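Top line first, the protein sequences correspond to chains A and B. Read in order, the letters of the first sequence correspond to residues -4 to 263 in the numbering used here. Read in order, the letters of the second sequence correspond to residues 512 to 949 in the numbering used here.
Hints are computed from structural coordinates only; laboratory data are not their basis. Owing to the predicted nature of the structure, the values given are computational and were not obtained by experimental measurement. Backbone N, C-alpha and C fix where the C-beta goes; we use that ideal spot for every residue, glycine too. There may be inaccurate statements among the hints.
[Stated by the list, open to error] One-sided excerpt, in silico: chain B residues whose CB lies under 10 Å from chain A:
id, residue
1, P586
2, R597
3, E621
4, G624
5, L722
6, L723
7, L868
[Said to hold, decoys possible] Pairwise CB distance ranges (calculated):
id, chain 1, residue 1, chain 2, residue 2, range
8, A, R258, B, E726, 26 to 36 Å
9, B, G922, A, Q5, 41 to 51 Å
10, B, W653, A, D127, 26 to 36 Å
Here is what each chain is made of, one letter per residue.
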Amino acid sequence: MIDAKVTVAQLLEEHPDLLLVLEESHPHFRHLRNRVLRKLMAPRVTVARAARIAGIEPDDLLAKLRAAAGEVTEAERSGAPEPRVAPSVPPPTDVRPPASLRRVDVDVRADIAGGVEPFARIMAAVKALGPDEAIVLRVPFEPVPLYDVLGKRGFSHWTEPERPGDWSVWFFRAAPSSPPKPVTPTATPSPGASAPLDVRGLEPPMPLVVVLERLDALGPDDELVVVHDRRPLFLYPQLEDRGFVHRTEEAEPGVVRILIRRRHESAR
Amino acid sequence: MTVTAFPSRRPFTLLPLRYFVAAAVAYIGAAAGVAWLAPELSGHYYHPRILALTHVLALGWITMTIMGASYQLVPVALERPVWSERLARWQFVIFVIGVLGMVSHFFIGEWSGLVWGAGVVGLACGLHVLNVVLSIRDVSRWHFTARLVVTALAGLVLTVLFGFALGVDKVWKFMPPTLFPSLHAHVHLALLGWVAPMIIGVGARVYPMFLLAREPDGWPEGAQFFGIVVGVPAVVTGLMLDVVVVTVAGALAVSAAIVGHLVWLADMARTRKRPELDWGLRFVLTAAAFLPPAVVMGLGFALDVVEGPRLGLAYAVLVIGGWVSLTIVGMTLKIVPFLVWYRVYAPLAGREPVPSLTDLSSPWAERAAYVLLTAGTLALVVATAAGNAGWIRVSGLVLTGGAVAFGVAIGAPLSRLIRRTAVAPNGRLLIFERKRSA
């Protein structure tokens, strides 16, 4: 059953034809025809989030998708009104950047047009960012998943559509009065850490880079689940060097899941 | 579902790079050798210096690269760590000594020294086979790549034994007096029994990784595997015993394997998610374009429709210089930057900005290598077929330029072993000397 929490990647994997329905719903979804954008966005965006990006009601989009997929909900069978989709994530912070910040331009439009994943380059720029600097990212779409990723690192953003297919997004550190919330040990994995990280289809060494980028955000009891198309023999030593333990499950030929946790002192 | 706490032996990086550097030196030397030996190459191929040149290519370039690549690609393609780095290090030294011994004695036509050199090469090859077999002995799934790697190792052992026997026969006659059938069988065993299964097998696993294409499947798998395991023994036996019908049957089976490989490659290229090909992948796909004319010529020789030493040499250039060498150049351009990146930058990834593989490469050198090596190989096919020494020399000079450009192209990432770089926020590279660790 298609619901609001299904990612666009899962949706299109099970129902490739629904891309047409998405496109008919809003022109924004035409970006999904771009393979790089689809690879970047689709696994990270739920149907509810996609609807909000496109500025349409999540329930309306869900209804269209279900109808096109031939699905009938329990509510439709019984005739009872279906509960409305509640916002699952808070709206991203969107505040103007202070005028005193020095801008660092990162233009990834050519990378995306050339089929190159820009995530590593963006994160490299973020890591090198000085305290009085802001990244101004130029992208051919609104990089909504990046708002969450950088928001967790204490970055605010300000988005300026330049023209269709051309966006400028400022990322800058939040004001000192609202410092990023420190990661505290918790018994339950955080939603960000528990979401599987699918690195299938990335060219080496990007799977390794993407996984290592995610390790910093992993809490003491969190578990990172990586979906890979092979056992990453080059990744394992890097994990162990950084104090992580790992376990590999082969769910089916050609699909492995690597479960990564911080090594507890008692386990050393 | 299988769950494993997987062994995490550290992958080798410097070791395969030694092999790649030595192989690149051999390739540049062989390309220069083509220009130098143009008069000999315009005549009959059975000449001590041409045999020396052939073994620089077959052992110093092709086998050296495959051995080095095995120590990087076996862990990736077969998901098993290499058994012993120490053994692989010793094997490298022994192999280099053996190849130098063989080539130098071929060059001066001194056969007892050649036998000693061949023995040393045989020892090195035996150690390589032992290391790889022990690495993959507990592979969980004997998929296409694993089966072809084992086939290739068997082909290497048989090729080495066959070659050693030919060398010993130069000193103590014990083989049939007709030399050429045995010589042709040895060459085909090396190319079809050792090199081809390794390229086809590893390519099936590695090409989708680089092209971002789906894993290939379907009838070409059976065509390739059975085409090789049935066809190669038939070709070799048919050539040795001069039984045309067996040779033709084997050639048809091998042709089916090649067709299967090309179908897979075309399917991967068509379904790839990577819109733009880098120079490494362009080399690989261009190399495959040399296969159809090579198959036609091979079938022509098997059917006795095509004959003569000049066309024989042109056929060898198509296969060795075209398909095999250009494929190896392409894969080297992919593997070397990765190994350097892994050694220098993987420990920093996620902690500080690191360059991408593209940042490590030298696009102008790769482009120059592509243009010169492709043009030089095509020209050499025509020149050897025509038997024109002048054209062969010009082709050899073009190839030498291409091989040097290839050397520069792999030298660029290798230089990062001593100079580390980082990516600045504006996308520019910051380069600074690596601190020596205590």
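Going down the list of hints, with the structure as the test:
1. P586: holds, 4 Å
2. R597: violated, 18 Å
3. E621: violated, 45 Å
4. G624: violated, 42 Å
5. L722: holds, 9 Å
6. L723: It holds, given that the least Cβ distance between L723(B) and chain A is near 6 Å, below 10 Å.
7. L868: Constraint on L868(B) satisfied, holds at 7 Å.
8. R258(A) x E726(B): 26 to 36 Å: holds, 33 Å
9. G922(B) x Q5(A): 41 to 51 Å: holds, 45 Å
10. W653(B) x D127(A): 26 to 36 Å: violated, 59 Å
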